[in-house]
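Please model the complete structure; the sequences and the hints are all you need to start from.
What follows is each chain in one-letter form.
There are 2 protein chains.
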Amino acid sequence: MTPLEKKYSRYKQLIDGQLALLIRKKDPASLYEPAQYVLDAGGKRIRPLLVMLSCEAVGGTAKQALNAAIAIEVLHNFTLVHDDIMDNAAARRGRATVHTKWDSNVAILTGDALVAVAYQVLLKTKTPAIAHVADLFTDGVIEVCEGQAYDKIFESRRDVTLDEYMLMIAKKTGKLVSVSSEIGAVIGNGSPQNVRTLRTYGELIGRAFQIQDDLLDVVADEKTFGKTIGGDIVEGKKTFLLLKALECARGGDRKMLQSVIDKSGTALANVGRVREIYERTGALAVAKTAIDRDIARATSLLKKLPETPARAMLYWLSDMLLNRHF
Amino acid sequence: MTPLEKKYSRYKQLIDGQLALLIRKKDPASLYEPAQYVLDAGGKRIRPLLVMLSCEAVGGTAKQALNAAIAIEVLHNFTLVHDDIMDNAAARRGRATVHTKWDSNVAILTGDALVAVAYQVLLKTKTPAIAHVADLFTDGVIEVCEGQAYDKIFESRRDVTLDEYMLMIAKKTGKLVSVSSEIGAVIGNGSPQNVRTLRTYGELIGRAFQIQDDLLDVVADEKTFGKTIGGDIVEGKKTFLLLKALECARGGDRKMLQSVIDKSGTALANVGRVREIYERTGALAVAKTAIDRDIARATSLLKKLPETPARAMLYWLSDMLLNRHF
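Chain order of the listed sequences is S and X. Count the first sequence with the numbering used here and you get residues -14 to 311, in order. Count the second sequence with the numbering used here and you get residues -14 to 311, in order.
Certain hints may be false.
Stated by the list, open to error - List of simulated lysine-lysine pairs, DSSO-like, C-alpha gap at most 27 Å:
1) Lys11/X - Lys137/S
2) Lys137/S - Lys222/X
3) Lys222/S - Lys11/X
4) Lys288/S - Lys273/S
5) Lys10/S - Lys137/X
6) Lys137/X - Lys11/S
7) Lys109/X - Lys109/S
8) Lys111/X - Lys111/S
9) Lys11/S - Lys222/X
Stated by the list, open to error - Cβ-Cβ distance ranges computed for the label pairs, FRET-style:
10) Thr(-13)/S - Glu149/X: 50 to 60 Å
11) Gly2/X - Asp144/S: 35 to 45 Å
12) Ala26/S - Tyr22/X: 28 to 38 Å
13) Asp88/S - Lys48/X: 36 to 46 Å
14) Tyr22/S - Gly237/X: 41 to 51 Å
It is worth saying that the hints were derived from the structure and are not from the lab. Ideal placement from N, C-alpha and C gives every residue a C-beta, glycine not left out.
Take a look at the structure:
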């Protein structure tokens, strides 16, 4: 492990440790057992890391932002629990989802309680700007709900455009990442310019991350990715690649892509052909360029911040996300 | 209408007006249409009224507490939307529930968005104690979730005790009422003693209200009550009356009550017999006494507050709740 990887691992341990101890209550077990189960599931903990690093990058300490960091991660987990019900997802991170292991009612309530737990820990943050921090956090909750609503609507629409898709992922995925960096910077008492810089940094890496997720579905190594390659195609999911390719494809290619949208052509056997269309139409190249451009812009923004160990870590973070195979 | 009834009607209009204008966004329609539908459904608006009156009763103004009042009502409506999914309830206040008019996914997301909207409006409150207010509000969300979790668990348990039931309703119903009066008093900058007085007042009327709900199910006039008499019995619901009667009933009476719990004896034809058992075992009398005692204690607590028009209105409120037939 490089020194920065070691540092990441230390932050992650701190976050995991806090999450493991967060829920002190035992009763009712039907509420707190699934809540703890969710928080114990692991994950990359990118959002809380970003809260702490952003706080440090403007002159604060990681500790000052720890409660807010945990709050963001708990909030993120709430969205996963409710999304999994809506998406009928049976597994996440290799384990049964809450509504599968328990039932839908338990999952609805667990999600609700996690929102409240998130606010509870957020409000422990000692800062004169607590009302502003809570406001930013709340905007995050609202936009995540809007993003999920669009996502569900888009599932049954045939004519979703790439622009609409970009708006949806900005809300569903990007917003909570940019709220993470913004809240961290506010808690660290950053200047308005530094707060803006870090918010935009979050927006950019959040978007790049999501497009890369779509890309990895067709180009990743199956073993390191941990998911079946072409899973999005088999599900008929409207991804960056599918919508971009649809903008350019004609004739038989177009018919093939339409059949993925209609879910009539979503057989695993079609994955290879669809991937070829993604290549031929240039959709793959456009996605790669979009990711590179976002990460380059995010990285260049960091130059505006003072040179600190936290900034070095933020450089490492965007680089890691760009090169991830997971 | 008496002058106090007129005053209540003015407060209610103010609250309804604010709720009608609360949601400015239109898109995504699948989120904001059902959210507005819920807020337009009406209701007695007791909780927001209590927030404003409590603020006034300690020397603040109703306007100071208006945002918090709206927040509490929005939060209350969130709980109704999610509870209705869990309870498979088709109608509420004479209209289709959100998950019936739309679907479960829409109802889950609408509820989630309402929580965020509630925090958004709460955080507009101008008070140096905003962090404390948000904390109290969040405790309310958590306890309401706990109460609902117990309620769901109790549905499938045969051995629920009256004490457990009292704990459940304290969390599911009572807490949000006491949070209403407490938050109002804190926003009005009330003394710690007055804040405590108003919190306890809220706890007591919240509990009395719930027990009376159970009582009205068997003694109310069907036309003014607006629900079928004996509905709780037909549903096999574990109410104050059923659990109290079970503590005392023997022989055939006990068997009859057990059959209501097992849902083998929940035919409409049994309602009369069960009501007789409630009478014979003294459960009806105990419920009435419990309500009277709580309201008397609540009313007597109000004497500790300065004599103001708001206090007169709080006297009227507990009296109205005691004598309601709806």
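Next item on the list: Hint by hint, work out which the structure violates, then give me just those numbers in ascending order.
Entry: 2
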